[in-house]
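Chains A and B, in that order, give the protein sequences. Each step along the first sequence adds one to the number in our numbering, with nothing skipped, and position 167 is 167. Each step along the second sequence adds one to the number in our numbering, with nothing skipped, and position 133 is 133.
It should be emphasised that the hints constitute simulated quantities derived from the structure, not laboratory data. Idealized CB from N, CA, C, for every residue including glycine. Be aware that one or more of the hints could be misleading.
To be verified - Among chain B residues calculated to face chain A with C-beta under 7 Å, some are:
#	residue
1	H93
2	D117
3	V125
4	E127
What the hints assert, rightly or not - Each pair of labels, with its calculated beta carbon distance range:
#	chain 1	residue 1	chain 2	residue 2	range
5	A	V135	B	R205	40 to 48 Å
6	A	A33	B	T135	21 to 29 Å
7	A	R38	B	L22	22 to 30 Å
8	B	P312	A	V193	51 to 59 Å
9	A	N47	B	Q105	30 to 38 Å
10	A	A33	B	R31	57 to 65 Å
11	B	T21	A	I143	53 to 61 Å
12	B	R155	A	P212	50 to 58 Å
13	B	N59	A	P214	53 to 61 Å
To be verified - Output of the computed footprint for chain A on chain B, the stretches with three or more beta carbons under 8 Å from beta carbons of chain A:
#	region
14	203 to 210
15	234 to 245
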Amino acid sequence: MHGEHYVPEPMPSLNGSRYAVAWRRFWLSSLAAEAEYRLNFILATTNSLLALAGSIFGLHLFFRTGYRLGGWSWEEALLVMGVFTLLDGFASALLNPNLNRIVSHIRDGTMDFILLKPMDSQFWVSARHFSLWGVPNVLFGLITLGYAGKKLGFGWTEWAQGSLPVALAVLILYSLWFALAATSVWFVKIYNVTFVLRSFLEAGRFPISAFPQPSRFFFTFILPVAFLTTVPAESMLGRTGAGNVAWAGVTAILLLLLSRWFWRFSLRFYTSASS
Amino acid sequence: MALIETHNLSKQYRTADKAPTLAGTIRHFLRRRYRTVEAVKDVSFSIERGEMVGFLGPNGAGKTTCLKMLTGLICPTSGTASVAGHTPFRREHPFLRQITLVMGQKQQLIWDLPPADSFRINAAVYELSDDVLKTRVGELAEMLSLSTQLSQPVRKLSLGERMKAELLAALLHRPDVLFLDEPTLGLDVNAQAAVREFLRDYNRRFGATVLLTSHYMADITALCQRILLIHKGQVIYDGALDRIVQRFAPYREVKIELANVEGQADFTRYGEVLAQDGRVVTLMIQRRNLTETVATLMRELELADLTITDPPVEQIIGRIFTKGNAA
Chain A
1 MHGEHYVPEP MPSLNGSRYA VAWRRFWLSS LAAEAEYRLN FILATTNSLL ALAGSIFGLH
61 LFFRTGYRLG GWSWEEALLV MGVFTLLDGF ASALLNPNLN RIVSHIRDGT MDFILLKPMD
121 SQFWVSARHF SLWGVPNVLF GLITLGYAGK KLGFGWTEWA QGSLPVALAV LILYSLWFAL
181 AATSVWFVKI YNVTFVLRSF LEAGRFPISA FPQPSRFFFT FILPVAFLTT VPAESMLGRT
241 GAGNVAWAGV TAILLLLLSR WFWRFSLRFY TSASS
Chain B
1 MALIETHNLS KQYRTADKAP TLAGTIRHFL RRRYRTVEAV KDVSFSIERG EMVGFLGPNG
61 AGKTTCLKML TGLICPTSGT ASVAGHTPFR REHPFLRQIT LVMGQKQQLI WDLPPADSFR
121 INAAVYELSD DVLKTRVGEL AEMLSLSTQL SQPVRKLSLG ERMKAELLAA LLHRPDVLFL
181 DEPTLGLDVN AQAAVREFLR DYNRRFGATV LLTSHYMADI TALCQRILLI HKGQVIYDGA
241 LDRIVQRFAP YREVKIELAN VEGQADFTRY GEVLAQDGRV VTLMIQRRNL TETVATLMRE
301 LELADLTITD PPVEQIIGRI FTKGNAA
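Isolated chain A (complex conformation) (with noise of 0.2 Å):
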């Protein structure tokens, strides 16, 4: 625990091709892992569509019924439904498989082994794993959207208007996530934080005006849930400013700036599990 004399890692010199090649390796290396287990595999397969289909019944509920929730018709609101479901697709694929092993490898010091490799230490611990069991709510998520944006008319603009926030969404998850990974250097059994942090998301299923005031502020502010999911639906739908999209770019990078410097601050920390 002394990081007295700590010098920071130096930023890596991105030689693009170097990352991009151990970038693939890496995700083909955890699919054949996956893929070694070849019962799982197939019951990992059932579970997923099992998953599926329980999604699109619940769908199903809310179509019959002719509620309009904090000012949104049905179909709107299937575009903040889309794009939530397309995020926690993301998490499941990337976010889940890789920041929660940041504990196994700090508690068992196989973090020596990443800590040692000539290669930006957060990129490893973001990029090493990737699972295919996320893979479906995207596509779902996709679908969700595509239908929804059908009934709205969207053209090409609507989706080009939604896909930068959808981006900025993206980053936004990822840096809040990471961060909150990172702190398993100090309190180890972090798995819990982020299952919090996981639940406090699942409010991204509803436009954040269905919410009371005070929750509203606390869902912009202090956990910027509005612009994982309503921004990017505003922003389709046309109604939000150039403002609103400024705002979630300018709080995605400070998140990400944050998050690597958490990081680098949290490592000076690392003590290495002994042997």
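On the provided structure of chain A, position chain B as indicated by the hints.
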């Protein structure tokens, strides 16, 4: 300039003690009492390129902590270290490309996949082309006598095979400096010998500098001309292995075989009795009294045989560690 150099390298840890009782657990949770442990104290040494140096010491002596400071995993509390012209804790990429760390009880290979998959990932990290990767894997696999094991999932390999594959993965980028922390831990005698043989071979072939920790004496005696004896965080000896006998063992072992069992005397008069088995008695005698004592022995006892040897290095080092001080 030396390849590895440290000056007064020190590391202190803060740890908390906990009593095993429930009350102890509650106290540990509410009001934790910390104390500072000096894991490494004022360690200074320098190692030249191509040397093979053994870090020898009992568990908890500070060997691993030293190694972690030299690889840049942890930051020294005070003092300096320099490896290949770099300050390790900065973990600059040009530095990381030159070193490797192999740990006997931690593994980097992907558990569910064959070692070859892990090699491909390391190759991408170190920017090795497929051709170079193939050549190096072939070369190292031959030195390690690995072949079909490289296409079996790591979880199906024996401990010895896994360690060899770990070495291969750690050496793909052909590092100049090898830090090995207990690389033979838990291996059977044959596998230990194979790993040692490989390391010697690697050092000779590539001129790599090797710093090795082990609590197996055999690893050190087989590989290192020079040892750093570390005890309670301090280096108590730095030098050639054979000189340690002169330095720390001002005594010799005298083994006598009595002509008959009867009339056994009190042998403690002559020196410390190490073993007594029937007619064979092993004595430890101060070097300065050696001639005199041997003469007395021959005069006073009826001997069938007498041999004088240096005590084994293991024994000397064991005595140093149990006595707990430097000579």
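Hints and how they fare:
{"no.": "1", "hint": "H93", "verdict": "4 Å, holds"}
{"no.": "2", "hint": "D117", "verdict": "5 Å, holds"}
{"no.": "3", "hint": "V125", "verdict": "5 Å, holds"}
{"no.": "4", "hint": "E127", "verdict": "5 Å, holds"}
{"no.": "5", "hint": "V135(A) with R205(B): 40 to 48 Å", "verdict": "47 Å, holds"}
{"no.": "6", "hint": "A33(A) with T135(B): 21 to 29 Å", "verdict": "26 Å, holds"}
{"no.": "7", "hint": "R38(A) with L22(B): 22 to 30 Å", "verdict": "47 Å, violated"}
{"no.": "8", "hint": "P312(B) with V193(A): 51 to 59 Å", "verdict": "54 Å, holds"}
{"no.": "9", "hint": "N47(A) with Q105(B): 30 to 38 Å", "verdict": "35 Å, holds"}
{"no.": "10", "hint": "A33(A) with R31(B): 57 to 65 Å", "verdict": "45 Å, violated"}
{"no.": "11", "hint": "T21(B) with I143(A): 53 to 61 Å", "verdict": "59 Å, holds"}
{"no.": "12", "hint": "R155(B) with P212(A): 50 to 58 Å", "verdict": "52 Å, holds"}
{"no.": "13", "hint": "N59(B) with P214(A): 53 to 61 Å", "verdict": "56 Å, holds"}
{"no.": "14", "hint": "203 to 210", "verdict": "violated (count 0)"}
{"no.": "15", "hint": "234 to 245", "verdict": "violated (count 0)"}
Hint compliance for this structure: hints 7, 10, 14, 15 are broken, all remaining hints hold.
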